[in-house]
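Protein chains: 2
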Amino acid sequence: MDFKSKYNGYVKAVNAALDGIVKTGAGPGAVIYDAMKYSVAAGGKRLRPVLALAVCELLKGDINDVMVFACAIELIHTYSLIHDDLPAMDDDDYRRGIPTNHKVFGEATAILAGDALLNKAYELMITHVVKNSLYTKNYAQAINVIAAGAGAEGMILGQVIDMESEGKRVSGETLEYMHRCKTGALIKAPVLAAASICGATPDEYESLGKYARNIGLAFQVKDDIMDVSGSSQQMGKPSGSDAASNKSTYATLYGAERASELLDEMIQEAVDSLKCFGDRAGFLKDLAIFIRDRDN
Amino acid sequence: MDFKSKYNGYVKAVNAALDGIVKTGAGPGAVIYDAMKYSVAAGGKRLRPVLALAVCELLKGDINDVMVFACAIELIHTYSLIHDDLPAMDDDDYRRGIPTNHKVFGEATAILAGDALLNKAYELMITHVVKNSLYTKNYAQAINVIAAGAGAEGMILGQVIDMESEGKRVSGETLEYMHRCKTGALIKAPVLAAASICGATPDEYESLGKYARNIGLAFQVKDDIMDVSGSSQQMGKPSGSDAASNKSTYATLYGAERASELLDEMIQEAVDSLKCFGDRAGFLKDLAIFIRDRDN
Chain A
67 MDFKSKYNGY VKAVNAALDG IVKTGAGPGA VIYDAMKYSV AAGGKRLRPV
117 LALAVCELLK GDINDVMVFA CAIELIHTYS LIHDDLPAMD DDDYRRGIPT
167 NHKVFGEATA ILAGDALLNK AYELMITHVV KNSLYTKNYA QAINVIAAGA
217 GAEGMILGQV IDMESEGKRV SGETLEYMHR CKTGALIKAP VLAAASICGA
267 TPDEYESLGK YARNIGLAFQ VKDDIMDVSG SSQQMGKPSG SDAASNKSTY
317 ATLYGAERAS ELLDEMIQEA VDSLKCFGDR AGFLKDLAIF IRDRDN
Chain B
67 MDFKSKYNGY VKAVNAALDG IVKTGAGPGA VIYDAMKYSV AAGGKRLRPV
117 LALAVCELLK GDINDVMVFA CAIELIHTYS LIHDDLPAMD DDDYRRGIPT
167 NHKVFGEATA ILAGDALLNK AYELMITHVV KNSLYTKNYA QAINVIAAGA
217 GAEGMILGQV IDMESEGKRV SGETLEYMHR CKTGALIKAP VLAAASICGA
267 TPDEYESLGK YARNIGLAFQ VKDDIMDVSG SSQQMGKPSG SDAASNKSTY
317 ATLYGAERAS ELLDEMIQEA VDSLKCFGDR AGFLKDLAIF IRDRDN
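Residue numbers (the working numbering), protein chains in the order written: chain A, 67 to 362; chain B, 67 to 362.
It is possible that part of the hints are untrue.
[Stated by the list, open to error] Straight-line distance between alpha carbons at most 27 Å, and here's what the computed BS3-like set of lysine-lysine pairs gives:
1. A:Lys169 / B:Lys169
2. A:Lys78 / A:Lys111
3. A:Lys111 / A:Lys203
4. A:Lys203 / B:Lys197
5. A:Lys197 / B:Lys197
6. A:Lys72 / A:Lys351
7. A:Lys203 / B:Lys203
8. B:Lys197 / A:Lys276
9. B:Lys351 / B:Lys313
10. A:Lys70 / A:Lys111
11. B:Lys169 / A:Lys313
12. B:Lys351 / B:Lys78
13. A:Lys197 / B:Lys203
14. A:Lys169 / B:Lys197
15. B:Lys276 / B:Lys351
[To be verified] Far from chain B, by Cβ distances over 10 Å, these chain A residues were calculated:
16. Ala83
17. Glu173
18. Lys186
19. Lys203
20. Gln225
21. Glu230
22. Met244
23. Thr249
24. Gly275
25. Glu327
26. Lys351
27. Arg358
If you're looking for bench data, these hints aren't it; they were derived computationally from the structure. C-beta: ideal position from N, C-alpha, C; glycine also.
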């Protein structure tokens, strides 16, 4: 099967699972379920859950089992977007081509819907553990990796650094650190969580960790490059908006050409780190290249 | 030891533990740690962690072990207050006698600090499980109970119902449901989480659940009564503010006198449900009475 078909197959499975997890409801307060579902169903690349499922397949794990953790990470990603879009944060009116959560449900409900999705992610994982009596180190470690990636030493720290860097020229070191936290941490999480659940050997775990670190940073560097190259119109924000807002990015700091070279290096390193898996890692290698070559 | 001394002893232990858990930091983005610590250190009754520790002592569990879960619940409670106080929500300038989180750190950081505390609660619990190899049903169930209480079928649902009830006269049934979700769910969580961790028998678990359900609702009913009785000035909001905002409460719906009778009944039921523990449950019984008789 070619890369695109395989990717789309994963996305379809993820969307079906998410649809069953985030349900609408009736009765007092049920608008919270509508608000949660609105943003979860809005789509997106589903990169994080796809990564988890691909690692699961590589390690011959149980897809239904890993799916729960894959979806939990997507709920965390979705909550972060809802809160990011709030007037007090990025103040965005559109996301994925439709009005942002607070534009539809109001700010208060959007804040609570984000909170609820974050909480739901953990509830989902721990309920799965209880329901199936999965009281092992592997599962606990998977949740731990996700919590670390999402928290104040991971994604949230990255968001704070991003905010305090606005309108400032930051060092290359700070920029890399910011990207690794803001985007990298929650891209690494599904890879390592799936690896843990599927019982990766220490060597496999390390190789996958190196892969994830590289594609996590590469993903954000590619975003930076797209912003200046113009293809970012498909991202839903005007091209060149980073430079206009005086935002430090790989493109503004190193120039688009050097940033592209750095991106190539990261992708090459990601691909190389999967050598030990041989041909079985074909999809993950293609996924790294997809991250480099995507136009949205 | 008298009730007050014992309560204060628990609070002191909780505050020391929280101080070690939520640390300040240096480097890019470290303001998030200041913001988290600011609200956690602002104090409060620490009712939820005290409940967990008291149940632990009743069941002869390990206090250091239960302390982690007690603190996690307090982090969740604190995040909910930070988000509640936001301009888009209750728009409060003061909390516990000091400026609210967003007044000090700005809205964006306050939103992220709340998110970070919620995430930290789960990270704290799961890290504790991993570090001490506590891969058992009891611990997973404790986390599950907390997640259920905090989420969109618990506290968050209560907040949403509260918002949509503003300026409306709601039924007694809806009001009770709202209170049980908004306040009761996260008061029940520490009792049941501690019971689970300490290996309560099914009978003990049920008795403690009945106790927790009653004090959880009673806590909010007492708040309602204090609002009209005037003693709520010590709560940091002007007395009579619920009636002025046309808010349905036990006091406005049933009258202060009937509300007090209902409160008495709940407290009596809470105390009665602890019969099976005999004198050992003295502190928890006193705590129920404290909830009824407190003036802030």
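Numbers of the earlier hints that this structure fails to satisfy, in rising order: 3, 9, 14, 17, 18, 19, 20, 21 and 22
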